[in-house]
Amino acid sequence: MKRFTASIALAAMALLAGPLSAQDIVIGNLADITGGTGDVGKPYADGIKAYTDYINSAGGINGKKIKLLQQDYAYKIPEALALYKKFKDQDKVVAIQGWGSGDTEALKEQVAKDQIPYWSASYSAHLKDPTKSPYNFFCAPDYSTALRAGLKYIKDNWKEKRKPKVAFIYPDVGYGKAPIPGGKAYATELGFEIVGEENVDLKALEATTQLLNIKKKAPDFAWIGGTKVSTSVILKDAKKLGLTTKFFGNIWSADEGMPKLAAGAEEGYMVVIGAALYGDKVPGMKTIEKVTGGQPQVSHWIRGWVSMMTMCEVLKIADKNKELTGPGIRKYAEQLKNFDTQGLTAPITYSSTDHRPFMSVILAQFVGGKMVKKATIELPRKQEWLGL
Amino acid sequence: MSVSHCGDFKETYRDDMKVFQTPFVRVAVGLFVLLLYTTPLFSSNYVTSTMTTIAIAVIGALGINIVTGFTGQISLGQGAFMGVGAFSCSYFMRVAHLPFWVAMPAAGLTAAAIGMIFGLPSARLKGLYLAIATLAAQFILQYVFMHLDAVTGGSNGIPSPPPEIGSFAFDGDRSKYYLTLTMAIGAVAFTTNLLRSRNGRAFIAVRDHHLSAEIMGVNLFKYRLISFSVSAFYAGIAGSLWGVYTGYISAEHFMIDESIKYLAMIIIGGLGSVIGSILGAIFMTLLPQALTVGTGALASIFPKIGFLIMSFKDGVFGIIIILFLIFEPDGLAHRWRMIKAYWKLYPFSY
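Residue numbers (the numbering used here), protein chains in the order written: chain A, 1 to 388; chain B, 1 to 350.
Chain B with its partners taken away, still in its complex shape (with noise of 0.2 Å):
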């Protein structure tokens, strides 16, 4: 294990750009990937796609975060960009004939197009109303979504092709996996480049201080707009990827509750952090399958009042979610810097 500093001693701007700190932390990152590559291997499909739908909304998460925390524009509307994601995958592929890693580009940069234009009212709105705009674009998707039957099948849904290398198609439950891990491990790797480039630099500015930023030669709508379409982009792909995922997709899942959803994974992970909408995907996707377990398991321990515990569930989700903002303002990746902090100055903390 190698050694380091137990401050910030970096002498230029390189060292502190790297995003490897230390080669340990290569390493470490290097078998978390392993792992998560060969988990299929000795766990249950249940495990597997419960990971997959993990690693999809690790994707959306990181768009939001781009347009959220770090760009400071709050936005609504992630969910039904999930939707026009989805929709336009599936169209690309059945109506179009475009093999699905043509069809997903091609949906990310429609989601994106569709995201810039509703991005287009962060030149004049800030806050609160900003994030009641977002909600239109929300409102008019969805509206879409029910009625543009051609592209979307209405308020049936539309099937959604696997995609398919020659005659191998992703159909299964690994094979969608593998698919939907490799592309949240780009999203995050991309993600992480991006925040150390100029664009990235230019974003958090916009948030930290929009007059300064505009003084430093930010041009603040340019990058409001490019963070809208990149969040937008990264929606697009998710969205094209939860269509893999179930094979068919449907308006109702893009409704409003799912753009909440994801606002809700990156103030629990962290806002303005990578690692954060990691950890907030993880527990938004997790917390509600082991409360509906757990509650299925006691309801079939005392059938009498199975259904009264079942109740309990969404309030025993509200008061987590309310336990977590009060003890953990900062997000889940706050107490995964205070761990990491712990045992780097283990066991000499000060």
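So here's chain A without its partners, still in its complex pose (with noise of 0.2 Å):
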């Protein structure tokens, strides 16, 4: 009976201490949802919320909630950098949800100080050295492995004897710049012949100028290293002045929303994306079917979902093993062999000398008015690749 009582009183006190013990892992999300990149970044970080709604009714992180603090930063470093003392002293976040260049450039360096890891979705090839940014992680390819990946498939379906001609249109920008070095590398080594380079800003509202010099050069194939807004003011101006280069674009340059953008003119381009298109047969997208209750979402939101995925599963075992702490977090994170993201994207694997979490690449086309997959592309985990 003495037994009895005791093994009730120490149930009793299981219980009571449950949710005591079970503290809030607290993690930071700076996002933009009203900056400059707003119109990607909402999905994104509407992707992460919902992943994080989804993980903590699901049971949380070995029972543990997630206590999520979503923060606008509107693209703007110095608000970032706010955002981030506040929750390093403050908040006292584990770990990081970033957003885009600006802002996980401007951290890089303090967050390796003061080991805090951090995912974001900017992802520039030297983020993946671990040497350089020990604390930075991403879960999609990065833009050099996307032009990478562009170029092969470009070259592998190529039938004439000549060689291809490509050009290279981006804005004067980081992220349009980040891939074209390593790009045109690849592209010479391949046998493609580079004929041109254009710089088309972000903002612009036509690109006749360009596109004029483009024409004169007549690639075959042409990369646009933008974002949505002037991806398709480059495509539009191209089949006004009757181009009939082929355009094949960054992870940013397109998404679901891109007819409405381009009117028709989309038609035929191709665009790297990092993670499964809502609606794709894999298990992963069961569970964000049901989330969203069949309302389809962008594949930024999907990205943002994954990332989260990938960190709460790094989360998991750094909490086993009761090291939920910067570093241990980092070197669990290392440790990530092989994570299956339930086909949302190819497994994801980690390690302290090279943070690319896999070097296949989806490629994706505009078919009337709809992107759908085309090829995976597998590339070569080539070391002299990373970071560059």
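Derived from the structure by calculation, the hints contain no laboratory data.
Each hint should be verified, as a subset may be incorrect.
Said to hold, decoys possible - To give a feel for the contact side, a few chain B residues facing chain A, derived at Cβ under 8 Å: (1) THR50; (2) SER167; (3) PRO288.
Here the structure is a predicted model, which is why all the values come from computation and not from measurement.
Cβ atoms here follow ideal geometry from the backbone N, Cα and C, with glycine treated the same way.
Starting from the two chains in their separate frames, assemble the complex, guided by the hints.
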């Protein structure tokens, strides 16, 4: 009887202690809702939020709930810095979901110093080199890998005897310039002839001058390293000027909303996507469909979801090993091997010398006003490509 | 507390020029400075680092107030001049291996030299035309930041090493705060004294009526150039400190919106006023943060419409600025004077 009472008492204590010891895990989220990149930043942040709600309702991180602090920094670096300090000192976050190149670049030294793991949606290749940015992670192909994959796909499907001609169109900002050196080197290696380079600003309303130059050089293919709006401008002007060049572009250059912007000019445009498309027949999509009630979401939303999913997986492992700290999270993130995102992306692997999540890139194409999957390109995990 | 006159009864110019008009002011300012230095001891790192950004903004705002508020030349290039300071300070430290204490003044001088070059159009241009010329400075420098990879790291940006004294590195929130605060106090003191000098009076003469100024023997072109370069020097120092504060500088920070922010600071704070620069810097740094925290808190109370509330932020920001310009057209400095006058004459104000 005594033992019975004791076990009851123990159980009661466990029940009582349960909610007390299961402290919340505080995660900061720097999001751009209202700033320059808000059109894609909001769905990404929505995706992060949706996964957090989902995991919290499904038992959280080993019983601990995630407290997600979402803050809009409007793509302004000083605000991002201020919010980062708030996250670090007041809210005591263990990890951060960040957003664009502005905040990620500005914070990468500080997160390394403060040992706060930082998952971002800035996919610059140099963020994948742990010797330079040890606490930065992400869950998508970096911009250089994206460009290389596009080039490889084109080359693989090139039937003519002559060298294919390629041109590069990108905005004169970090995001646009990042993949160009690596891409050019790879294009030469693959046997492309590089015929031109043009800058089209992210806020451009027309691109006729640049496209007339492109038209003169008559490339077979041209890379677009812009965002949705500038890409639609380029595609529309190219159609107007009667260019025969085929365009392919970076991960932020188009999404499901493109046909509305480009009004038909997007037909045949090829774009890198980082994750499965809404409605794909993969296991992970079932959860998303349930959570969203069948309301289609753009690919950025799904990447936000995957980013949070990966972070939560690492949190789970770190928590199990009682190392729910910045260095602990980094340690277990770097031990992540072939983490299955339920088919939403390729399996994710990080190591202490290489933060590239995977080397496979999905290419999609616009056909009849719809974004459809075209091919999956698998690139080798070359050491010399790390950080370039 | 000392008794002071209820009007202007000064008999000598020396009296009129005093920085501290009464002993009380001297004590009050002293206490305030003491408070600033002791704040980090009992406040969080977040507060400390916010105050660091305010101190940097104060230096930058004082700079643009010298050229725009005192000399009357609109400058839209303050953000870019800050960039010049930040990048050249980091360059001097990393490549020339100069200590920060040499690199920072050198960066200030670099910015001053470049400011002077872009001040040259002020010889012929006035008002809006000059504004557009300085706008060109902003865009040219932006382009240089993006493309001079060896110095600025191009679009990736470049690290900014922390200052050191012996083995002590200024890399904590507190030490950075003390450094920037000291610089900001120095800048305030220097500006206050500059305005009491021949140069300062010449600036104001150029602003108030350039013809009269010239007739009185003020070389317009010379003083316009001086004010441009002094202003850019401040920006250069502020930029160097910004590099210290973030540890990493990227061109994206020194774009046109940064310049406009500084212009807004002095318009809200008060053109041609030292205290106005300070108040404007505080206001423009705290308002976005207060709005971010406020809307963030509201959003967590109403998670369903969280993002909707957040997107009101920019609108609210705009409305507050407009209301300010309607109800406080002379800036916060004017309001500050009114408050002072009220207490000075209390309870017998007339």
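Now the hints, each set against the structure:
Taken as an interface hint, B/THR50 checks out: its beta carbon lies about 6 Å from the nearest beta carbon of chain A, inside 8 Å. The interface hint given for B/SER167 is broken, as the beta carbon of that residue sits about 18 Å from the closest beta carbon of chain A, more than 8 Å. With a least beta-carbon distance of about 6 Å to chain A, the hint placing B/PRO288 at the interface is held under the 8 Å criterion.
In summary, the one numbered hint that this structure violates is 2.
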